[in-house]
Amino acid sequence: MFSMRTLKTSEAATLLNVSPNTLRAWERRFGYPQPQRSAGRHRLYTHGEVAALRDALGQGLSISSAVSRAREALSTDTHTLVGALARFELDRADSAMESALALRSLERSVEEVLLPSLDELDDRYGIDSAPWALAARWADGWLRRAQRLVPPPVRPHAILVGDATRNELDPEALGVRALELFCGRSGARVVALPVSGVSGLADVVESLSPDAVVIAGSHLPDDDVALWAYRVRAAAGPLPTALFRRARHDAKLRTTGTRVLSDAPFAAHRQLLALIDGRDATRLHDVPALCALGEEVDRHEAHV
Amino acid sequence: MRRLRALRSVEVDDRGLELVAFCGHCGQAPPGPQPSRVCGHCGLGLVLRASSDVAPRNGEPFLVIDSTLSVCAVSAEAEELLGIDETTAVNRHIADFLVPADANAPSSDNLLALLVVAASGGGAPRTAVVRPRTEFGVRFRVRIGSCGPPHAALLVLAA
Numbered sequence: 001m002f003s004m005r006t007l008k009t010s011e012a013a014t015l016l017n018v019s020p021n022t023l024r025a026w027e028r029r030f031g032y033p034q035p036q037r038s039a040g041r042h043r044l045y046t047h048g049e050v051a052a053l054r055d056a057l058g059q060g061l062s063i064s065s066a067v068s069r070a071r072e073a074l075s076t077d078t079h080t081l082v083g084a085l086a087r088f089e090l091d092r093a094d095s096a097m098e099s100a101l102a103l104r105s106l107e108r109s110v111e112e113v114l115l116p117s118l119d120e121l122d123d124r125y126g127i128d129s130a131p132w133a134l135a136a137r138w139a140d141g142w143l144r145r146a147q148r149l150v151p152p153p154v155r156p157h158a159i160l161v162g163d164a165t166r167n168e169l170d171p172e173a174l175g176v177r178a179l180e181l182f183c184g185r186s187g188a189r190v191v192a193l194p195v196s197g198v199s200g201l202a203d204v205v206e207s208l209s210p211d212a213v214v215i216a217g218s219h220l221p222d223d224d225v226a227l228w229a230y231r232v233r234a235a236a237g238p239l240p241t242a243l244f245r246r247a248r249h250d251a252k253l254r255t256t257g258t259r260v261l262s263d264a265p266f267a268a269h270r271q272l273l274a275l276i277d278g279r280d281a282t283r284l285h286d287v288p289a290l291c292a293l294g295e296e297v298d299r300h301e302a303h304v
Numbered sequence: 001m002r003r004l005r006a007l008r009s010v011e012v013d014d015r016g017l018e019l020v021a022f023c024g025h026c027g028q029a030p031p032g033p034q035p036s037r038v039c040g041h042c043g044l045g046l047v048l049r050a051s052s053d054v055a056p057r058n059g060e061p062f063l064v065i066d067s068t069l070s071v072c073a074v075s076a077e078a079e080e081l082l083g084i085d086e087t088t089a090v091n092r093h094i095a096d097f098l099v100p101a102d103a104n105a106p107s108s109d110n111l112l113a114l115l116v117v118a119a120s121g122g123g124a125p126r127t128a129v130v131r132p133r134t135e136f137g138v139r140f141r142v143r144i145g146s147c148g149p150p151h152a153a154l155l156v157l158a159a
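Order-wise, the sequence lines are chains F and H. Using this note's numbering, the letters of the first sequence map in sequence onto residues 1 to 304. Using this note's numbering, the letters of the second sequence map in sequence onto residues 1 to 159.
If you are wondering where the hints come from, they were derived from the structure by calculation, not from laboratory data. Even glycine gets a Cβ: it sits at the ideal position worked out from N, Cα and C. Please note that the accuracy of each hint is not assured.
Residues from chain F that keep clear of chain H, each with C-beta distances beyond 10 Å, as calculated [unchecked claim]:
| id | residue |
| --- | --- |
| 1 | Gln59 |
| 2 | Ser68 |
| 3 | Ala267 |
Covered stretches of chain H (in silico footprint by chain F; criterion: 3 or more residues with CB under 8 Å from a CB of chain F, positions within the stretch not fixed) [what the hints assert, rightly or not]:
| id | stretch |
| --- | --- |
| 4 | 42–49 |
| 5 | 63–72 |
Not close to chain F: a few residues of chain H, all C-beta gaps over 12 Å, as computed [to be verified]:
| id | residue |
| --- | --- |
| 6 | Arg8 |
| 7 | Pro35 |
| 8 | Gly59 |
| 9 | Ser75 |
| 10 | Glu80 |
| 11 | Thr87 |
| 12 | Asp102 |
| 13 | Val116 |
| 14 | Arg133 |
| 15 | Glu135 |
| 16 | Phe136 |
| 17 | Pro149 |
Let the sequences and hints guide you as you build the complete structure.
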């Protein structure tokens, strides 16, 4: 389901009939093709991007216009997905994602095709509409299917996600599912629990032994989140804590070491893994965070 | 048999003038036969062809415009001269950057008409006077002709 052909720099350069240096110069000047990195930090180009550029170069008048045309060709997946979901054609929506995956990594397919398509449907119909409900349920199902195909964890890390979204129709929920998926694909063990359920939480936390806690979503109020965070802290002790897509509540928060992750799931998952590894934590948004939450937790502790 | 070393084959346009190749970014002629259209000197432009009386010479700045009058390429010298960046100029209308500045021209649409004709691959090279859209004290004499492939208008700002 998630196979994607990638090319090394030399292979991509050969396909385009240019030198590897030229390819790197294009990356700097035009931001395209945009390679991923292998485990050894080598560039890996997606075949679809390179092939689209090769076709565009044949008919172009400049590299810039060819890049623009290649980008346009790749963006057709988003248009196709939006069109399919707007017409309630779920099979066609599945096909659109399959096409996207042929050209991009799963992470980029989610961030560049799936999430923007849902954003557009949100703008077009609103989250109280039937088209949004159908599209959001389809996207939620797609992301959960992808999660089931994630290989077993290889990192020694475990992440506990406190899900503060309303339900799968909450626009933030898809971002949270994407974050879980990306962390899982990076080899971490991820468990998401609703913030509203604290009964038996200590048993789960003790069993999971999380290395970090993420509070994701902005639907539930700080009081609920604080109670949940208190129970987690009581069971596992102090842990690195991060907020994801809880923007509505950021302004009230003061620092207790909690970090605010990027709203983009891929960037957020990298920041989260860095936070756990204890490296590069300064790259996280240095927003002084969590205070209403910290104060609430302290208050709960005082009561106890 | 005597060897004729001085002879070489040349491509000519429909007026019998030699077609010369140049890079759409650095303006240099390609170093030799190339496996691709990408310039072997700078790697940042595609090799285009134009009649020898239109093609840029000696580092003259130039722009390439398609039949919808959208900018398709901006040479490195033109980027510097006009203070624009090719990556942001591409796909924008030429009138966002250059406008007619010849008071004696028959109409203000003259420049655009010349560009449309040149972009369709027809007509002899013409000249016009233009100015940057946001500058009133600067004028450039330009040569306008065809280039490609595919067909496009070449606007060379004369030195």
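Results for each hint:
no.: 1; hint: Gln59; in the structure: violated, 6 Å
no.: 2; hint: Ser68; in the structure: violated, 6 Å
no.: 3; hint: Ala267; in the structure: holds, 23 Å
no.: 4; hint: 42–49; in the structure: holds (count 5)
no.: 5; hint: 63–72; in the structure: holds (count 3)
no.: 6; hint: Arg8; in the structure: holds, 25 Å
no.: 7; hint: Pro35; in the structure: violated, 5 Å
no.: 8; hint: Gly59; in the structure: holds, 18 Å
no.: 9; hint: Ser75; in the structure: violated, 10 Å
no.: 10; hint: Glu80; in the structure: holds, 15 Å
no.: 11; hint: Thr87; in the structure: violated, 5 Å
no.: 12; hint: Asp102; in the structure: holds, 26 Å
no.: 13; hint: Val116; in the structure: holds, 16 Å
no.: 14; hint: Arg133; in the structure: holds, 20 Å
no.: 15; hint: Glu135; in the structure: holds, 24 Å
no.: 16; hint: Phe136; in the structure: holds, 29 Å
no.: 17; hint: Pro149; in the structure: violated, 8 Å
Violation of the numbered hints given earlier is confined to hints 1, 2, 7, 9, 11, 17; the remaining hints are satisfied by the structure.
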